[in-house]
Amino acid sequence: MSEPTTAAPPLTRSTHLAYGLGQFAWASKDVCFHYFLFFYYTQFLGLTASLAGFAAMLALIADGISDPLIGSISDNWKSKRGGRRHPFMLAAIVPYTLALLAIFNPPETLEQGQLFAWYLVFAITVRTFLTLFTVPHMALGAELTADYGERTTVATYRNTLGYIGGLIIQIFAWFLIIPSATEAGDIGAGYRNVGTFAAGLAMLAMGLACFGTRERIPHLVPISKEQAERPWYYAFKDIFAILRHHSVAILFFAQLILVTRVGVQNTLLLHINTFIYGFSSEQIGVFMVGVLLTLLPAFWLATQGVGKLGKRRCILWLMWFELLFAPLAIMGYLYGFAPAAGTTGLLLFVCAFVFGHQVFYIASINVAGAMLPDVADELQLATGRRQEGILNSAMMLTQKVSFGLGSFIAGLFIDFAGFEGVEVIGDVTRDMALRLGWLYGPGLMVFTIAGIAIYSRYRLSRGRYAEIRAQLDSTEYAHGQA
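Per my numbering, residue 1441 is the first one in the sequence shown, and the count goes up by one each step.
Because the hints were derived from the structure by calculation, they are not lab data.
Yeah, the Cβ is synthetic: ideal placement off N, Cα and C, and Gly gets one too.
Some hints could be false.
Distance ranges between label pairs, derived from CB positions [said to hold, decoys possible]: (1) E1907 x A1557: 52 to 60 Å; (2) A1531 x V1729: 32 to 40 Å; (3) R1902 x D1867: 48 to 56 Å; (4) R1654 x K1748: 31 to 39 Å; (5) E1863 x P1547: 20 to 28 Å; (6) S1720 x V1534: 35 to 43 Å.
All chains, please: the whole structure from these sequences, using the hints.
Take a look at the structure:
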């Protein structure tokens, strides 16, 4: 049957926290790849921005092949002691940690082509083992509860703790690791140490996530005999099949567009903060603390907004407000409405607008994460199979490909603006700053508007979900899945 064999106790706060800690793995990769690694390879190791962006895009496309395979194998896995998700999560911890260490430590003698190859090979390795952990981890979130509202809480814990993990890495990096390396006269060593710190933090959090959610294994939804015997090579067939489902297609294409925008933003952020705003490493650390302060209001907005508006209306309102804040900081600075570069006044000015933008952006991500488990149930009703892994692998695929595309676009933006070889803010002309600023601010708003247009077509309401849940829980349906 497709129902749990034992009654599941309510989720505790410790289970929410343990599950959420698993997002540190994704956060460690995101922070390293989009705030430090690209900058480290282009500014310190000498890899051209176009090649670095191209390597990132190729790595993500190659890694995307593993997403549906791992999702399908995890969905169809049968283990009484380990369940469908935990064996894969545990197996990923050590190799992911070692691969993240390796990508930050290429041999010093590598030439341009060799450096490109090192970046590409270990980017693929990092992302493949991250997939081995994250696809089952994300799928586990859909199985922890069937409650419409509590799923928002599960997703919000996961996303909030992921942000906290990423910000911990950045705060340590900008306040301690990089300043210490700068004083020692070897800034490159600081970036390598950031990779070491991120890898260690991720390994600890991934282990805690596995250990802290193990008591839920007996209460997770088992699968039918037919699904357990489903061949692994059906993975790609299943991906294309679920994309024909309306709700899946909405989430897939919205993610594809919006995560491309985030990939561009994150890759360019260090260039904006360093070469346009003129912030020191300590000021960038303060900037990251400001982002940390947005997490609680974003948590509140997501949970309360879904309760009052439902998920579709809530995410649309959040994205419209996010859109309003997006270009204000960079445009205000470029056209003389902000204090001078490098000053505390400019830092406060930027943080004020970034705070508003991030509150609405993070809240919208929380709501999007809560939509996915509902769609998984809708998909089960249509197909008769529990396919949280395949569904999450499809979403992961959009994130990886679009982040890679975002990195590639960011590399083109940097080359177009003439930033290759820039070492200090004095090397940046006004024309260069305007080019990058317009692309970074108003230019990226197009992606958000497209995302709003797609989400407006989402139809899975609270009432419809209640009908789906009732059918899944009915005796007739349960017997039909035996």
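Going through the hints against the structure:
Taken as a hint, the range 52 to 60 Å holds for the pair E1907 and A1557, whose Cβ atoms sit roughly 53 Å apart. Between A1531 and V1729, the C-beta spacing of about 35 Å keeps the proposed range 32 to 40 Å intact. The given range of 48 to 56 Å is respected by R1902 and D1867, whose C-beta atoms sit roughly 54 Å from each other. Taking 31 to 39 Å as the suggested C-beta distance range, the pair R1654 and K1748 conforms, at roughly 35 Å.
In this structure the hint that E1863 and P1547 lie 20 to 28 Å apart at CB holds, the actual value being about 24 Å. A hinted range of 35 to 43 Å holds for the C-beta pair S1720 and V1534, which are about 36 Å apart.
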